[in-house]
Amino acid sequence: MITVTFYKNNRLVLGVKTNRGVLDIEAAYAKFPDINNIPKTVFELVTLGESAKQGLQRLIEYSLMDDDLFHKEDLLTYGPCVPKPQKIICIGLNYKKHAIECNMPFPATPILFSKFNNTINAHGKDIFIPITSSQVDYEAELAIVIGQKAKNVKVENALSVVYGYCSANDVSARDLQNKSSQWVLGKTCDGFCPIGPNLVSKEEVENPNNLKITLSVNGEIRQDSNTSDMIFSCEELVSYVSNHLTLQPGDIILTGTPEGVILGYSEDKRVWLKDGDEVTVEIEKLGKLTNIFRREQTDESVRSDIYEVSGTI
54 MITVTFYKNN
64 RLVLGVKTNR
74 GVLDIEAAYA
84 KFPDINNIPK
94 TVFELVTLGE
104 SAKQGLQRLI
114 EYSLMDDDLF
124 HKEDLLTYGP
134 CVPKPQKIIC
144 IGLNYKKHAI
154 ECNMPFPATP
164 ILFSKFNNTI
174 NAHGKDIFIP
184 ITSSQVDYEA
194 ELAIVIGQKA
204 KNVKVENALS
214 VVYGYCSAND
224 VSARDLQNKS
234 SQWVLGKTCD
244 GFCPIGPNLV
254 SKEEVENPNN
264 LKITLSVNGE
274 IRQDSNTSDM
284 IFSCEELVSY
294 VSNHLTLQPG
304 DIILTGTPEG
314 VILGYSEDKR
324 VWLKDGDEVT
334 VEIEKLGKLT
344 NIFRREQTDE
354 SVRSDIYEVS
364 GTI
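Take the sequence shown: its position 47, counted from the start at 1, is 100 in the working numbering, and no numbers get skipped.
What the hints contain is simulated information worked out from the structure, not anything from laboratory work.
Don't take each hint at face value.
Stated by the list, open to error - In silico EDC-like links for lysine to aspartate or glutamate, alpha-carbon gap of 20 angstroms or less:
#1 K140 x D243
#2 K255 x E337
#3 K178 x D330
#4 K322 x E154
#5 K140 x E289
#6 K322 x D228
#7 K202 x E289
#8 K93 x E114
#9 K106 x E256
#10 K255 x E209
#11 K265 x D282
Claimed, not checked - Beta-carbon label-pair distances, calculated as ranges:
#12 E154 x N263: 15 to 23 angstroms
#13 S187 x E256: 39 to 47 angstroms
#14 S187 x D87: 51 to 59 angstroms
#15 V237 x R348: 21 to 29 angstroms
#16 D87 x E154: 55 to 63 angstroms
#17 K338 x K150: 16 to 24 angstroms
#18 K338 x E79: 25 to 33 angstroms
Quantities reported herein were computed from a predicted structural model and do not represent experimental measurements.
We treat Cβ as the ideally placed atom computed from N, Cα and C, and that holds for glycine.
Build the full structure now, drawing on both the sequences and the hints.
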């Protein structure tokens with residue numbers, strides 16, 4: 054099942070993709086209130102899991118005769134597919150060829166860092182290049198979305214606590230990132246973690262460790278790889294993280310980026326992202342995530358509500 058969030062009357066609402074378009078779950082449930090296990094929020098969706106998917110399938114079947122309950126995808130203003138994760142956990146140097154291009158040894162254990170909720174952004178939204186940075190880079194990533202509370206999960210059971218997956222871009226200000234030995238400053242600027250637009254449940258993906266992943270800038274392919282190049286698999290990452298902290302429904306794990314980042318070029322060939330650049334992440338089975346970069350003009354040019362997620366979805 055593929056779900057999205059989109060804006061309706063300045064609120065985020067939940068939708069599910071169908072052959073007829075995106076079903077407005079809120080509007081459909083108002084018309085068919087007797088159907089059980091209909092999630093109203095992304096949190097309810099991931100925690101209810103299979104029962105939510107069964108309820109939504111029934112809601113789709115009941116709604117097929119009413120065209121007004123469906124929206125054309127290209128007319129939607131999307132929100133983040135997971136609007137308010139409790140944790141955004143990122144993995145560094147998790148692709149072999151990316152580690153090689155950075156002249157770094159393969160890590161013996163996963164390298165963890167974090168982003169904060171202010172970074173969450175959506176497909177079609179602008180990403181602002183901070184006035185404090187002149188070296189903004191892209192990182193196409195597969196994101197894991199947790200579906201169950203999990204602690205000390207074994208590798209062989211790790212995917213059982215996963216709800217699904219989405220496309221992500223771990224946008225990075227390299228000059229800020231390299232100011233110190235830890236990377237948070239360059240990773241957690243406003244809007245630096247666009248995700249979605251699709252949240253794809255795990256049964257639609259089959260093997261997350263074998264998905265084609267690409268990134269383009271203004272139509273030019275810059276990253277072209279496969280998740281099979283990851284050093285630590287999705288199962289290993291979920292297990293490792295859960296051994297150190299409790300995972301909660303809706304938590305996101307960004308699994309690392311392949312080779313082709315700007316930082317990986319020789320210094321004379323690095324052309325950092327600039328105003329007007331259109332960046333698209335595409336992952337097999339998960340779809341495209343596109344954003345345009347804009348240069349922040351003054352310290353007041355980005356209103357505090359630009360990345361504010363309305364409602365409780």
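Quiz item: Are the Cα positions of K255 and E337 separated by 20 angstroms at most?
Solution: Holds. K255 to E337 sits at ~13 angstroms (cutoff 20 angstroms).
Practice problem: Compare the distance between the alpha carbons of K140 and E289 with 20 angstroms, and conclude whether the hinted pair is satisfied. | Solution: holds (18 angstroms)
Self-check item: Agreement of K106 and E256 with the hint, judged by alpha carbon distance not exceeding 20 angstroms
Solution: holds (11 angstroms)
Self-check item: Pair hint K202 and E289, alpha-carbon separation not exceeding 20 angstroms
Solution: holds (17 angstroms)
Quiz item: Using the C-beta atoms of K338 and E79, is the stated range 25 to 33 angstroms upheld?
Solution: Hint holds: Cβ distance 27 angstroms, inside 25 to 33 angstroms.
Quiz item: Hey, K265 versus D282, does the alpha-carbon distance stay inside 20 angstroms?
Solution: Holds - the C-alpha atoms of D282 and K265 are around 10 angstroms apart, at most 20 angstroms.
Quiz prompt | 20 angstroms limit on alpha-carbon distance, applied to hinted pair K93 and E114 | solution = holds (18 angstroms)
Practice problem: Kindly confirm whether 21 to 29 angstroms is satisfied by the beta carbon distance between V237 and R348. | Solution: holds (23 angstroms)
Quiz item: Are K255 and E209 close enough, with their CA atoms no more than 20 angstroms apart?
Solution: holds (16 angstroms)
Self-check item: Given hint D330 paired with K178 - CA-CA distance at most 20 angstroms
Solution: holds (13 angstroms)
Exercise. With respect to the beta-carbon atoms only, verify the hint that S187 and E256 lie 39 to 47 angstroms apart.
Key: holds (44 angstroms)
Exercise. Go ahead and decide if the range 15 to 23 angstroms is satisfied by the Cβ distance of E154 to N263.
Key: Since E154 and N263 have Cβ atoms about 22 angstroms apart, the given range 15 to 23 angstroms holds.
Checked against the numbered hints given earlier, this structure breaks none of them.
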